[in-house]
Each structure stands twice: as C-alpha cells, then as structure tokens.
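K.L.:
Throw the hints in and build the complete structure from the sequences for me.
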Amino acid sequence: MSDQTPITILDIGTTKVICMQVRPDQSTPGFEVLGYAYLPCTGLSRGSVVDIDTTVHAVRSAVKEVESQTNSRIRDVMIGLSGLHVSSTASNGIVGIRNKEVTTVDVERVIEAAKAIAIPDNQTLIHTLPQEFIVDGQAGVKKPIGMNGVRLEACVLMLRAVTSALQNVVKCVEMCGLRVKQVIAQPVAVSQSVLSADEKDLGVCLLDIGGGTTDVGVCKRGALRHVSSVPIAGEHVTNDLAVALCTPPKSAEAIKVAHGKIISTEYEGAQHITVDSLSNQSTQKVSTQLLSEVIEARYHEILSFVKRDLKEKQLLDMIPGGIVITGGGALVPGLVDLTKRVFNCQARIAEPTIVLQDRTLVDAGYAASLGLILQALQERDRLDGSKAGAVTRMWTAFQHWLDYHL
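Add 103 to a position in the sequence shown, counting from 1, and you land on the number used in our numbering.
If you are wondering where the hints come from, they were derived from the structure by calculation, not from laboratory data. Hints are supplied without guarantee of correctness; some may be wrong.
In silico DSBU-like pairs for lysine-lysine, Cα to Cα no more than 35 Å straight-line [said to hold, decoys possible]:
hint: 1; residue 1: Lys-364; residue 2: Lys-443
hint: 2; residue 1: Lys-364; residue 2: Lys-414
hint: 3; residue 1: Lys-245; residue 2: Lys-410
hint: 4; residue 1: Lys-303; residue 2: Lys-443
hint: 5; residue 1: Lys-119; residue 2: Lys-167
hint: 6; residue 1: Lys-303; residue 2: Lys-245
hint: 7; residue 1: Lys-274; residue 2: Lys-284
hint: 8; residue 1: Lys-303; residue 2: Lys-284
hint: 9; residue 1: Lys-246; residue 2: Lys-203
hint: 10; residue 1: Lys-410; residue 2: Lys-443
hint: 11; residue 1: Lys-167; residue 2: Lys-284
hint: 12; residue 1: Lys-119; residue 2: Lys-218
hint: 13; residue 1: Lys-167; residue 2: Lys-274
hint: 14; residue 1: Lys-119; residue 2: Lys-284
hint: 15; residue 1: Lys-246; residue 2: Lys-284
hint: 16; residue 1: Lys-353; residue 2: Lys-443
hint: 17; residue 1: Lys-414; residue 2: Lys-245
hint: 18; residue 1: Lys-303; residue 2: Lys-119
Quick list of simulated restraints, FRET-style, between CB atoms [stated by the list, open to error]:
hint: 19; residue 1: Ile-155; residue 2: Pro-351; range: 23 to 29 Å
hint: 20; residue 1: Pro-223; residue 2: Thr-108; range: 35 to 41 Å
hint: 21; residue 1: Thr-266; residue 2: Glu-204; range: 37 to 43 Å
hint: 22; residue 1: Asp-128; residue 2: Thr-266; range: 33 to 39 Å
hint: 23; residue 1: Val-283; residue 2: Lys-414; range: 34 to 40 Å
hint: 24; residue 1: Gln-374; residue 2: Pro-233; range: 36 to 42 Å
hint: 25; residue 1: Thr-157; residue 2: Asp-412; range: 27 to 33 Å
hint: 26; residue 1: Gln-285; residue 2: Ser-190; range: 17 to 23 Å
hint: 27; residue 1: Gly-280; residue 2: Ala-219; range: 21 to 27 Å
hint: 28; residue 1: Thr-108; residue 2: Ile-155; range: 27 to 33 Å
Values in this document were obtained by computation on a predicted structure and should not be read as measured data. No residue lacks a Cβ here, since even glycine has one placed at the ideal position from N, Cα and C.
P.N.:
Next up, the structure:
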C-alpha cells in the first residue's frame, strides 16, 4: 500500500457519525484532511446499534458527503468501537528465549502465550496491547528485541467486545457497500490523540464523555492499563434538562450547548432564558441557576461513578497525573473545577487540533476521530515495515503541540 493512499475512518457514536478521509503529507510532519462530515445519528444507544436502518442512513450520508468533497469512491474504512460492550483483561505470558537473544519471533510467541486465556463465547478479542516485557526478571522493558536472556515474559491488556454488538456495527457499515479493514477501540484511539508521553508514563485517567457512555482509560508507565465504560453521559444531561424544564429534548440540547454551565456560583444576579414548552405552542422563563444545578448534579454523578469504580479496582493510586477529559460532553464550562473537587487532583480538558484547508478544528469532540487516524497510520507503517513513516512525523509534530499547550 502506498504511503500516499488516503485513509478513511468512521467514528460511529451514540449521537453522531463522523467520516474523515486523510492522506499523509510527505512534505510536512502531518496529514492532509481531504474531506470530513459530521452528521447526527440516533440509531445507537450506549454504543450498541438499536436501529439498523437509521444507523445505515447516517453512515451512508456521511460517506457520500466525503465522497462528494473528495470526488472519490470510498471502499475501505476503519471504524471506532466504544460503549458498554468493550472491556479489558490483563494477562501474562512466559516463554523461553530460543537463541539466548530476544528476536521478533520470541516477542510474537510470548504475546501469543499471554493471549492463551479463556474468552467467553459471546465476546471477540479486538486488541492485545503489550504493557511491558520482563527479561530474566528485569521488569519494565519496553523493547526487548536484541536483549540477552533465557526467559521472556509479557504483560498485556486484552480488549474484548460483545460479539453481537460488534457484528451489528460492522453490518451497518457493510450495508453501505463498505469493507471494514480494522476495528479500533475508542479508548485506544483517544489515548493516542490527547495524552502526552509524560502523562502516559506518570499515570492519568482519561475520560471520554460521549453521548451515551463515558469511556474510561487508565494509562501508567507508558501503556494503557485499564479500560471500562460508564452508562451515563451527555444524553442523560439533556434528558434531565428536558424533564426539569418541561421542554422537548431538542430544545434541551440547544439550551445545554448555548447556556450550560456546571458551577452554579458562576451565575450572579437574576438571569433568565426563554424555553419552549413541551407542546412548542408557548414559552416560559427559566432561571439559569436551575439550569446549572441540573447539569452539575448529573456530571457529579458521572464523576462519582468513575471514582468509585477506580477505587474498587485499586486504580486511584495509579493516576498521580490526574484526570484528562475529552469527548463532546467535555465542552461544558466548569467541568474542570468540578472534576478537581470530586477527585481532589489535577484535571484538564484535552482538545486536539485538526488543521483543515479553511479552518482549524479545536474541539474535544474530534479526539476519537484523530486517534483513529493515528492508529490507522501506525498500523500502515507496521505492515509496511516503515521505521520513519508518515505517522512518525505526524506523532512528533502532535507531541510538540501537546507539550506547548499542557
């Protein structure tokens, strides 16, 4: 495959479908975005397909829009997978080093040994992520090839998906006449696009707050150590507002985007906004104080749920670097301060930058899409055997951007 061949990704979420096509730029440390589309989608719930026709329509429309922008026919895509059906398990493997010096074959053998654990019949393995290697008892080895020894161990994180949920997402894509070349778990993709090397080494918790779920990833010593999902996210905030304000969900979403803040003390004095009634035949005045209190209560629940889960799994001590928040649900003002209060640690909003021909997208909602692109480029470099491919240049430039903004 040529290094200049365009790559197309599909980020299929609970509330939207993003299709983006890029081409590695040989002259600069980055890639050229050839086309992109962002369309609403209501065919999924918490990352799982609940309406095939609606999902197919959204995917087909997004792809056609990108095809129109690029004057091309898209056939192969890489898709992101998130939601409650994605989970992780840590595993270890041990093999003897055949020629007293670790080779690529030895690494492949020890990873296969680590994968030799029982997987439930209703689940499919989608990633095996090496965390570290141990050579003759020496732990913390990241690149064992070439080292001398007699015993090689591998610690890996295995990411699984519920088979039926995975098959339904793939089916929707294939019904659009597309071939799925690779499935990438969203936490893996997002960790690539928004975390610096120092953060991943020191230890942080990544929260990707989407529409239907909040995906959780813990990184430590340079690798992803844990992945889980919380069944509460942005849609629940919208529903809370719809109930509290007695207004249609679409109006509640628009109000949340336009006026939503988390910390109620930010509102000083009497402020009111006009809200449509449930019948859309009249309007009412609502205090912004009430709006803030409703939003803050739900986000506090999300953060408390995550903290409780991390505490139960004894992961809180692994994240001295704090919390990094991304996703479309991260855009509500006041979230960083609330996160600091709940976790009693540092927190920040991660906003990747994607440079287009006409403007620059600086939006946490595009973190997964950028991460999918980075993963796709890494996989291409791996298959091509490239040691200095496009993704290397891209990643170097992106890390420089992260270092400047952190």
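K.L.:
Are the hints correct? Go through all of them and say.
P.N.:
Tested hints:
For the proposed pair Lys-364 and Lys-443, the alpha carbon gap of about 16 Å is at most 35 Å, so the pair holds. In summary, the hint linking Lys-364 to Lys-414 is supported, as the alpha carbons are separated by about 28 Å, within the 35 Å threshold. The straight-line distance between the Cα atoms of Lys-245 and Lys-410 is roughly 29 Å, inside the 35 Å bound, and the hint therefore holds. This hinted pair checks out: Lys-303 and Lys-443 have alpha carbons roughly 19 Å apart, not beyond 35 Å.
Restraint check: the Cα-Cα separation between Lys-119 and Lys-167 comes to about 15 Å, which is no more than 35 Å; the hinted pair holds. In summary, the hint linking Lys-303 to Lys-245 is supported, as the alpha carbons are separated by about 14 Å, within the 35 Å threshold. Taken as a hint, the Lys-274 and Lys-284 pair is honoured in the structure, with Cα atoms around 13 Å apart against an allowance of 35 Å. Restraint check for Lys-303 and Lys-284: satisfied, since their Cα atoms lie roughly 28 Å apart, inside the 35 Å limit.
Proposed proximity of Lys-246 and Lys-203 is supported: the alpha carbons are some 16 Å apart, at most 35 Å. Annotation: proposed proximity of Lys-410 to Lys-443 holds, straight-line Cα distance about 12 Å (limit 35 Å). For the hint linking Lys-167 to Lys-284, the alpha-carbon distance of about 19 Å falls within 35 Å, and the restraint holds. Taking the CA atoms of Lys-119 and Lys-218, the gap is about 34 Å. The hint holds against a cut of 35 Å.
For the hint linking Lys-167 to Lys-274, the alpha-carbon distance of about 18 Å falls within 35 Å, and the restraint holds. Proximity of Lys-119 to Lys-284 is assessed by CA-CA distance (about 21 Å); at most 35 Å being required, the pair is judged to hold. Our distance criterion of 35 Å between C-alpha atoms is met by Lys-246 and Lys-284, whose separation comes to about 27 Å. Restraint check: the Cα-Cα separation between Lys-353 and Lys-443 comes to about 30 Å, which is no more than 35 Å; the hinted pair holds.
Distance check on the hinted pair: Lys-414 and Lys-245 sit about 28 Å apart at the alpha-carbon level, within 35 Å; holds. Restraint check for Lys-303 and Lys-119: the C-alpha separation of about 28 Å stays at or below 35 Å, so the hint holds. One distance hint, 23 to 29 Å for the beta-carbon pair Ile-155 and Pro-351, holds here, with the actual separation near 26 Å. About 37 Å separates the C-beta atoms of Pro-223 and Thr-108, a value consistent with the hinted range of 35 to 41 Å.
Between Thr-266 and Glu-204 the beta carbons are some 40 Å apart, a value that agrees with the proposed interval 37 to 43 Å. With their beta carbons about 38 Å apart, Asp-128 and Thr-266 fall inside the hinted range of 33 to 39 Å. The hinted window of 34 to 40 Å between Val-283 and Lys-414 holds, with their beta carbons roughly 37 Å apart. Taken as a hint, the range 36 to 42 Å is violated for the pair Gln-374 and Pro-233, whose Cβ atoms sit roughly 53 Å apart.
Taking the beta carbon of each, Thr-157 and Asp-412 are about 31 Å apart, inside 27 to 33 Å as hinted. With their beta carbons about 19 Å apart, Gln-285 and Ser-190 fall inside the hinted range of 17 to 23 Å. For Gly-280 and Ala-219, the Cβ-Cβ distance of about 38 Å falls outside the hinted range of 21 to 27 Å, so the restraint is violated. Against the hinted window of 27 to 33 Å, the Cβ-Cβ separation of Thr-108 and Ile-155 comes to about 30 Å, which satisfies the hint.
In summary, the numbered hints that this structure violates are 24 and 27.
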